[in-house]
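Enquirer: In case you want the letters, here they are:
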Amino acid sequence: MQEITYREAILAALQEEMRRDDKILIMGEDIGPSGGPFKTCQGLYEEFGPARVRDTPIAETGFVGAALGLAITGYRPIAEIMFADFLGVCFDQIVNSIAKHRFMSGGKVKAPLVIRAIGGAGLRFGAQHSQTGESWLLSVPGLTIVCPSSPNEAYGMLRAAIRADNPVIVFEHKALLSTKGPVDIGGPIPPLTGPRVLRPGSDATVVASLAMVGRALEAAELLAKDGIEAEVIDIRSLRPMDTGPIAESVRKTNILVTVEEQAQIGGWGGEVAAQVTESAFDYLDAPPARVTLPDYPVPYSPPLEDAAIPSPERIAATVKSLV
Amino acid sequence: MQEITYREAILAALQEEMRRDDKILIMGEDIGPSGGPFKTCQGLYEEFGPARVRDTPIAETGFVGAALGLAITGYRPIAEIMFADFLGVCFDQIVNSIAKHRFMSGGKVKAPLVIRAIGGAGLRFGAQHSQTGESWLLSVPGLTIVCPSSPNEAYGMLRAAIRADNPVIVFEHKALLSTKGPVDIGGPIPPLTGPRVLRPGSDATVVASLAMVGRALEAAELLAKDGIEAEVIDIRSLRPMDTGPIAESVRKTNILVTVEEQAQIGGWGGEVAAQVTESAFDYLDAPPARVTLPDYPVPYSPPLEDAAIPSPERIAATVKSLV
Amino acid sequence: MKAKTAKPQRATAKVRPLTDKDRLDLFRMMVRIREFEEEVQRSYLEGLVHGTTHLCQGQEAVSAGTGIVFREDDYIGYTYRGHGICIARGMDAEAAFAELFGRETGVCGGVGGSMHLTDIDKGLIGAFGIVGGGLPVSVGAGVTAQLNGRGQISATFFGDGATNIGAFHEAMNIAQVWKLPVLFICENNLYGEFTRINHTTPYEDLIKRAKGYEMAAVQVDGNDVEAVYAATAEAAGRARAGGGPTFIECMTYRHRGHSRTDPAKYRDPKEVEAWLARDPIKLYEAALIKRKLLTKQKAEAIIAEERAAMRAASERAAAAPWPDAGIDFQALTFA
Amino acid sequence: MKAKTAKPQRATAKVRPLTDKDRLDLFRMMVRIREFEEEVQRSYLEGLVHGTTHLCQGQEAVSAGTGIVFREDDYIGYTYRGHGICIARGMDAEAAFAELFGRETGVCGGVGGSMHLTDIDKGLIGAFGIVGGGLPVSVGAGVTAQLNGRGQISATFFGDGATNIGAFHEAMNIAQVWKLPVLFICENNLYGEFTRINHTTPYEDLIKRAKGYEMAAVQVDGNDVEAVYAATAEAAGRARAGGGPTFIECMTYRHRGHSRTDPAKYRDPKEVEAWLARDPIKLYEAALIKRKLLTKQKAEAIIAEERAAMRAASERAAAAPWPDAGIDFQALTFA
Ligand SMILES: Cc1ncc(C[n+]2csc(CCOP(=O)(O)OP(=O)(O)O)c2C)c(N)n1
Ligand SMILES: Cc1ncc(C[n+]2csc(CCOP(=O)(O)OP(=O)(O)O)c2C)c(N)n1
Ligand SMILES: [Mg+2]
Ligand SMILES: [Mg+2]
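Chains as they are written, first to last, in this note's numbering: chain A, 72 to 394; chain B, 72 to 394; chain C, 209 to 543; chain D, 209 to 543.
These are calculated hints, taken from the structure and not from any lab test.
There may be inaccurate statements among the hints.
In the PhoX-like style, the derived pairs of lysine-lysine whose C-alpha atoms are separated by at most 20 Å in a straight line are [what the hints assert, rightly or not]:
1. LYS419(C) x LYS419(D)
2. LYS330(D) x LYS179(B)
3. LYS181(B) x LYS330(D)
4. LYS416(D) x LYS416(C)
5. LYS387(C) x LYS416(D)
6. LYS391(A) x LYS296(A)
7. LYS419(C) x LYS416(D)
Using the sequences plus the hints, can you model the full thing?
Expert: Listed below in structure tokens is the structure:
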């Protein structure tokens, strides 16, 4: 295990995979000599050259669509979307072409491609540069959607995503980029999808994604002080969504709280709550609760943005109100 | 009450409103002299002329963005998206500009605009022309999203949407265009949002949208034969989502089934189930059930498409399995 | 109104001259495409084709004239109106009909349909139903061609209306900046659905679009199969040699409406008449008869053969079973 | 590397000649914008401005030279790098600072931030953070201007990099087809973030983009405020008279990095040097001194005045309260 940042973990995964398979290439804005605005591609250009590390014009529809063209003709492209908010610009290519091409071809076409989108709030970037984007694609069959919450997950899931033979959207979080954690460099490829229990607990099940995972763990610490043991689960993948382990946890804790950095309506929390209610109905002591962003865009002003993002205190209070 | 089709109802609403307020104009592809591919604009060009009934180039980003520009400078534009599937092409304008502009301006800018999107399956149009699109925008604060399920709703909700001072997305369904029903021409403007009980019942609550409403009503007929009285509710609006009346119904029936023409993950059914579970937890005799499309794109072949769309029989069977 | 024929195009030095066999093949291919589409239309009226379908009668010279240029390992992208290039590329007619009929034996197992005929093994990378949606994908295939370094090219077919959408712009710009071996083949049939080009575009000669990218461009009479061949062969030669992309505008006309429900009343009868008089098949038949490569009788025999062949393929397709609703869709969606 | 100056532009018959007062106003406005941005930068380093901010030092001539042309009832759209035009348009500096500081007194109540300064009452219809996103919106404002029939125009500011995205293409095409009174003002500062234009665009003279739409176009030295004025005034006159849109390319350069975290190491020092030598304010100061409209002392006095004014405005803004987290966001989101 090596202590590195989320940013370094992404870079390590890209380097390692690109060294392993020269069919892998990456495209994006300012990812070449300048290494990417968030420096997630630092050094790739120098090592792999302009053919495999491609600076693109500001044309997300163009290069994300190109990724599909590369994928169905033998390459394994990775497209970096600088801010997840910009997924809206290439939304059509993703939902109508990338997600459906294999299906519409009767299963004959393979589309092994990865779209990395760096999103999230908390950095005072305002309404158009602070969205995680997680929910925009939630309802689109044909996509695999994953959300790494730590350096180790960023490293492992990205490697797994690159090796998958289907389109995978990897949502990364800009507030996590500089966070450090142990990473199993060169370790086995982890499962791409499915939740993971990060902290065992018997009193409540708290499910979170991306930056909310860390806040859920902090909330668990606060709750522990009051003798409440929360089981914290990182949902990891939104598509496919495997709530089996979550239901299993709820059968033990009888309480479910989801935490996501998005508005409630249309968030993944509703899906988790509904599935768990279906599979563990008789075990629920209270209706599942959801901690989310308020139902308006992310405000710029620090006190307003801070108040909008679920805090450990808010998460803990929600759990307390149920146990 | 006049017996007219869903198509005629849309047209009547457009005509009536455009006669009332000359600030209202409509833009879209082939909606001018040719009256629109689905003939929802027949005669508007002749009556209101090229300035207010504008044929656009194939450029959804361009004319949907233009709608915002018109709205914030004093007009009340309506944009027609020929197939809801094409919302992906202008997704950025909707989620990042239209939905947020008022908010980002500190509330100073008004954006009274309507986007009409004609979607839905059942007509053998294949994967890229059969989506309702309902869920794509479900998670976007700042939007009002409505789904008329009958000629009267199409007429009333469109009039209400045009009069709203905020962006409203109206999802219409192409399989409903030729269906007839009584319409209260010139009647009072109905509430734009909020569910409506269409058939009272005491044994189960079935909530549906768009074309699924008719199928839910058919299912209720089938169930009635077996002595099961289903209360059928048209959800009408997805944003804001008012599940109060649904919970109220569930407190009476103790059973909730949602029916939507989309995949389950990311659909609105999960949100309804989660909200109702929260507000009527102790009244639920069984976990809410959801009848949806399977988790793959809409197939072209008739038997495959028919098997994918929730049928009255499937809805009835789901209800039966719970009561 | 006179049918628009293109300005004479530049000399095509590097182009392999057509042999007499090529010419007869071109004629037969145009006939085959015509008969395929006529059979689709007939089948649609019989209820065998479902939903909608977009026919290309009148535009066969573009499919045939370009199709003969492509190599086995080239990549071809197109639209819902792409039946022509699929047939020109050798897609099995029975499998194509079966797809349109929604049958198990369809080239996409009946899952795709009329708008999505795809056959990756033949380099037919996909039919895109979203206007402009296929262009960026073909740009990606162009990157593959460039990276492979084997002189492959990527060709993408689209209509006049598609030049108004953002995806077209981004694809053209990237292809030019990256000097990709991509052929942008624009079938300018003067209409996007029911709206004439002059209502949606600043001009009718779309070759002008290419100026915004300083991309090599040529405008040809899209109803003159040999002109289409020459322009495409030259552009392909340049692309294979690393000379970058070319925008090829083919001036043509669809004989039928936009889709099967469209009577095309919005078109000036004089315009229709003028273009029907320039039917690419009739024009070429006359030319080959003049060249003594063909006689009226031989031409009719070819037409009869192809009609019979398409009819037979369609009948076999119509006899094929429906896909099993129990089929494993997960496998269709995920590898 | 020599700083790129534009080809001499066409005669501008219809343009009102600048008065001496105009000239001094233009100078003062450029100074004001410069001092505003310098104060923003200082405040950012002090932690008063949050997140990121995109400065326009070096591009002041574009904001000042165009700003003087606009009427009160014109519509102006711009980007995250739009502080300059907001100030030129008379946005209250204190309210602008307060917005950047996230304070209650901000022009958007602190909700928008540096990338979204908007003041609809002044015709400042919005700052768009998505590249190209503002252009279609300005096209819509152009439709409004055309429908109102009062000779209004809609102007939209964007960068060189924005010409690579689809929204640009769709906006240009629609504006030309509908003959809208829209001014497309491209501030070509040669870079999109950290990438030089030659890596993303087929050429560096973006005026060529306009050819793809047959749109009137002009390229001017964006560091020559009077050249910017003349080109803009001519285009505005044409637009107000129903003559349609114009693409105005202003060749300029940003003195600072893309955003506050960018040291701009990717630029050739010679290029930077050449452009710094053509600082629009220094150039104009020299020109006005030559014209005897200004003395070195007077110029310094103006600079000192504006600096003090911006400093004072910033200090007042910094003293303003934070917005109340309990504020009614529903009201901000819905009318
Ligand atoms: C983004 C998008 N907008 C609208 C449509 C609906 N539509 C299908 S074909 C068509 C016209 C296309 O015209 P053109 O590009 O000239 O191709 P043609 O049909 O003439 O071959 C339109 C508007 C679509 N499929 N995609
Ligand atoms: C659609 C989209 N893609 C990428 C970005 C990230 N981004 C912000 S500014 C910028 C560069 C824009 O360059 P240019 O248009 O030349 O404007 P300038 O910043 O030079 O004024 C990029 C890539 C964005 N905001 N929107
Ligand atoms: Mg056409
Ligand atoms: Mg720039």
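Enquirer: Now look at each hint and say whether the structure bears it out.
Expert: Going down the list of hints, with the structure as the test:
1. LYS419(C) x LYS419(D): holds, 6 Å
2. LYS330(D) x LYS179(B): Holds - the C-alpha atoms of LYS179(B) and LYS330(D) are around 12 Å apart, at most 20 Å.
3. LYS181(B) x LYS330(D): Holds, because 15 Å separates the two Cα atoms, which is no more than 20 Å.
4. LYS416(D) x LYS416(C): Measuring from Cα to Cα gives roughly 12 Å; hence the hint holds.
5. LYS387(C) x LYS416(D): holds, 18 Å
6. LYS391(A) x LYS296(A): holds, 12 Å
7. LYS419(C) x LYS416(D): holds, 8 Å
Figure legend: structure checked against the earlier numbered hints; every hint is met.
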